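**Student:** Residues per chain are reported as follows:
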Amino acid sequence: MTTAPAKARWRFRQPSVIPGFGLTLGFSLAYLTLIILIPLSGLIWRSAALGWADFWAIATDRRTINALEISFGTAFIAAAVNVVFGTIVAWVLVRYNFPGRRIVDAMVDLPFALPTAVAGIALTTLYAPNGWLGSLLAPLGIKVAYTPLGIVIALIFIGLPFVVRTVQPIMEEIDKEVEEVAATLGANRFQTIARVLLPGLAPAIVTGFALAFARGVGEYGSVIFIAGNLPYKSEIAPLLIVIRLEEYNYAAATAIAAIMLALSFVMLLVINLVQTWSRKRYG
Amino acid sequence: MEVRVANVRKEFERFPALQDVSLDIKSGELIALLGPSGSGKTTLLRLIAGLERPTKGKIFFGEEDASQKSIQERNVGFVFQHYALFRHMTVADNIGFGLKVRHGPTRPSAQEIRRRASELLDLVQLSGLEKRYPAQLSGGQRQRVALARAMAIEPAVLLLDEPFGALDAQVRRELRRWLRDIHDATGHTTVFVTHDQEEALELADRVVVMSQGRIEQVGTADEIYDTPNSPFVYGFIGESSSLPVKVEDGQVWIADRPIGLSAPQAPQGEATLFFRPHDVELVDECNGCIAGTVVASRRVADTRRVELEIGGERQRVEVELPVDHPAAQKSRIAFRPRRWKLFPAA
Chain W
1 MTTAPAKARW RFRQPSVIPG FGLTLGFSLA YLTLIILIPL SGLIWRSAAL GWADFWAIAT
61 DRRTINALEI SFGTAFIAAA VNVVFGTIVA WVLVRYNFPG RRIVDAMVDL PFALPTAVAG
121 IALTTLYAPN GWLGSLLAPL GIKVAYTPLG IVIALIFIGL PFVVRTVQPI MEEIDKEVEE
181 VAATLGANRF QTIARVLLPG LAPAIVTGFA LAFARGVGEY GSVIFIAGNL PYKSEIAPLL
241 IVIRLEEYNY AAATAIAAIM LALSFVMLLV INLVQTWSRK RYG
Chain U
1 MEVRVANVRK EFERFPALQD VSLDIKSGEL IALLGPSGSG KTTLLRLIAG LERPTKGKIF
61 FGEEDASQKS IQERNVGFVF QHYALFRHMT VADNIGFGLK VRHGPTRPSA QEIRRRASEL
121 LDLVQLSGLE KRYPAQLSGG QRQRVALARA MAIEPAVLLL DEPFGALDAQ VRRELRRWLR
181 DIHDATGHTT VFVTHDQEEA LELADRVVVM SQGRIEQVGT ADEIYDTPNS PFVYGFIGES
241 SSLPVKVEDG QVWIADRPIG LSAPQAPQGE ATLFFRPHDV ELVDECNGCI AGTVVASRRV
301 ADTRRVELEI GGERQRVEVE LPVDHPAAQK SRIAFRPRRW KLFPAA
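So the sequence lines, in the order shown, correspond to chains W and U. Its first residue numbered 1, the first sequence is counted upward by one per residue in our numbering. Its first residue numbered 1, the second sequence is counted upward by one per residue in our numbering.
Mixed in with the good hints there might be a few duds.
Stated by the list, open to error - Below 30 angstroms or equal to it, Euclidean Cα-Cα: the simulated DSSO-like pairs (lysine-lysine) are:
hint: 1; chain 1: U; residue 1: LYS69; chain 2: U; residue 2: LYS58
hint: 2; chain 1: W; residue 1: LYS176; chain 2: U; residue 2: LYS246
hint: 3; chain 1: U; residue 1: LYS26; chain 2: U; residue 2: LYS56
hint: 4; chain 1: U; residue 1: LYS69; chain 2: U; residue 2: LYS100
hint: 5; chain 1: U; residue 1: LYS69; chain 2: U; residue 2: LYS56
hint: 6; chain 1: U; residue 1: LYS100; chain 2: U; residue 2: LYS56
hint: 7; chain 1: W; residue 1: LYS176; chain 2: U; residue 2: LYS100
hint: 8; chain 1: U; residue 1: LYS26; chain 2: U; residue 2: LYS69
hint: 9; chain 1: W; residue 1: LYS176; chain 2: U; residue 2: LYS330
hint: 10; chain 1: U; residue 1: LYS100; chain 2: W; residue 2: LYS280
hint: 11; chain 1: W; residue 1: LYS143; chain 2: W; residue 2: LYS280
hint: 12; chain 1: U; residue 1: LYS330; chain 2: U; residue 2: LYS246
hint: 13; chain 1: W; residue 1: LYS176; chain 2: U; residue 2: LYS69
hint: 14; chain 1: U; residue 1: LYS246; chain 2: W; residue 2: LYS280
hint: 15; chain 1: W; residue 1: LYS143; chain 2: W; residue 2: LYS233
hint: 16; chain 1: U; residue 1: LYS131; chain 2: U; residue 2: LYS100
hint: 17; chain 1: U; residue 1: LYS58; chain 2: W; residue 2: LYS176
What the hints assert, rightly or not - Derived contacts from chain U toward chain W, CB cut-off under 8 angstroms, selection only:
hint: 18; residue: GLY77
hint: 19; residue: PHE97
hint: 20; residue: SER230
Derived by calculation from the structure, the hints in this document are not laboratory data. Quantities reported herein were computed from a predicted structural model and do not represent experimental measurements. All residues carry an ideal CB built from backbone N, CA and C; glycine is no exception.
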């Protein structure tokens, strides 16, 4: 690296003593192409066969738009809720030592491991108007199951570990000295958390949000049980795709899928840019 | 501000880190807490800061009992070895932090805070770096920012925990001189912890030597170096050699021979003789002296350090000779310490 000429030429590969660059890059590209790129381009290919006018008709169909709104909206709300409570859970797990901490820690991963259908059925049973929680909420006029609110609850359940597991390791790295120095400078506990700790955690929180959000947008198994799946009201986009498939309307299914793909890609790209920016600043 | 540590004891889960420590620090003084790791020096510093609470005893700032106050109320400036800067804040925001978190009328205006920050940056010779982030600074620069941040709140006392410990030797020496200048210019009462005796002796008005949770000796660099009051201080500060000896009839004996040192005041019996390797005189005729066989000889800067084996017990001591001294070639050397001290054997 040091022998580079004064006017650094751009080079495809930085000289390095670690061997295997060609092999590993080749493997990564081949793997990504096979697993991600080919299926996705197939999707776009199929939807392109539809023609622009038909595609536009499907895209602007009220039912499609509502389904997309519900999918992205509920995923967004659920991810936002998870950011708050996931961060608190991570805080408790990192900062305090209490009996049963390991059990709570292990419990966080359950939504990862549990078949999503099981989660969906369990939540539906709880929140249905005659369920344990649903029967308590019903007199207050709150309906959870078979409404978008139910979808949000299912997605919160699914997304929680993403936030906790991304924030937790960064929180563990926080230097105790940074908090101590804030205290000696006169900052109270609240100021220390708001001005010193949370900003330091922001990049991890954004990542956790992105993961929970992406997962929520694509979630199918747990949602269809609790959502009630009323068209225009509580029907999510993935379900709409399945419905179109069952109607043998492959073109419409791929068209909705392509729109979801584009939206997800744009949102994740934005989140990634935000992260790169913050990382550059804070090193 | 004066700081008085009165009979402070600190236990960590029954393990005593400090036992009955008392120390008076004068206003405007620069004090070094010096000791090996585990001597309790950092614990003492953290107790003064309020980052720990004493198990017993009290700490006074001026006339006030500071042990009853929270860290926030104590108004101390604390600088950590690894800077502990806020990574997501610019240099100026880091320095202004202590003023920004104040409440009500004590909080200066945003403009005033900015002015104060750039003033302090001038003081620590980092003018123009307001907008940088800590990640963009070198270690030495970061430590200066940390110091500026601590001084921004006009602390009652400035506490530095191994402030130069993470820096390389060159930068360390530079910052040491610079810290002395800053201290002379601002006059903050300052306590710093170090395990580097050169740093402590060069920088501090008074040095507090600590060992195993106790204060061994407090004094100026000269007092500590020239008149150590315990075997530990003698061994810890500067180079030293020691030999087990016996005191009889006011004379110092090694085995069955007197070595030409008289100690009429010393109590009879077993003792340990301490001297500085460079503070010896070589003698030709061993008529009351210490004589030993040369086992090793090393060149250290401008001197030659010779290791000797003394007597049947084969005790090893070091003496220092000028590089071109003929005695360095001999296999046996006889000498007598010029300045020395006896401590009764424990």
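**Student:** Against chain W, is GLY77 (chain U) within 8 angstroms by beta-carbon distance?
**Tutor:** At 7 angstroms from the nearest chain W Cβ, GLY77 (chain U) passes the 8 angstroms test, so the hint holds.
**Student:** Against the 30 angstroms threshold, does the CA-CA distance of LYS176 (chain W) and LYS246 (chain U) hold or violate the hint?
**Tutor:** Measuring from Cα to Cα gives roughly 52 angstroms; hence the hint is violated.
**Student:** Is the Cα-Cα distance between LYS69 (chain U) and LYS100 (chain U) 30 angstroms or less?
**Tutor:** 21 angstroms, holds
**Student:** Is the straight-line distance between the alpha-carbon of LYS330 (chain U) and that of LYS246 (chain U) 30 angstroms or less?
**Tutor:** 28 angstroms, holds
**Student:** For the pair supplied as a hint, LYS26 (chain U) and LYS56 (chain U), is the alpha-carbon distance within the 30 angstroms limit?
**Tutor:** 23 angstroms, holds
**Student:** Does LYS280 (chain W) sit within 30 angstroms of LYS246 (chain U), going by the straight-line distance between their CA atoms?
**Tutor:** 69 angstroms, violated
**Student:** Measure nothing beyond the straight line between the CA atoms of LYS143 (chain W) and LYS233 (chain W); if it is 30 angstroms or shorter, mark the hint as holding.
**Tutor:** Holds, because 13 angstroms separates the two Cα atoms, which is no more than 30 angstroms.
**Student:** Is LYS58 (chain U) within 30 angstroms of LYS176 (chain W), Cα to Cα?
**Tutor:** Answer holds: LYS58 (chain U) to LYS176 (chain W) is near 25 angstroms, not above 30 angstroms.
**Student:** Would the hint linking LYS100 (chain U) and LYS56 (chain U) be met if the CA-CA limit is 30 angstroms?
**Tutor:** Distance ~35 angstroms between LYS100 (chain U) and LYS56 (chain U) Cα, so the pair is violated.
**Student:** Return the status of the interface hint for SER230 (chain U): holds when the least beta-carbon distance to chain W is below 8 angstroms, violated otherwise.
**Tutor:** 33 angstroms, violated
**Student:** Holds or violated: LYS69 (chain U) and LYS58 (chain U), Cα atoms, limit 30 angstroms.
**Tutor:** The hint holds at about 11 angstroms.
**Student:** Is it true that the CA of LYS176 (chain W) sits at most 30 angstroms from the CA of LYS69 (chain U)?
**Tutor:** 21 angstroms, holds
Checked against the numbered hints above, the structure violates hints 2, 6, 9, 11, 14 and 20; every other hint is satisfied.
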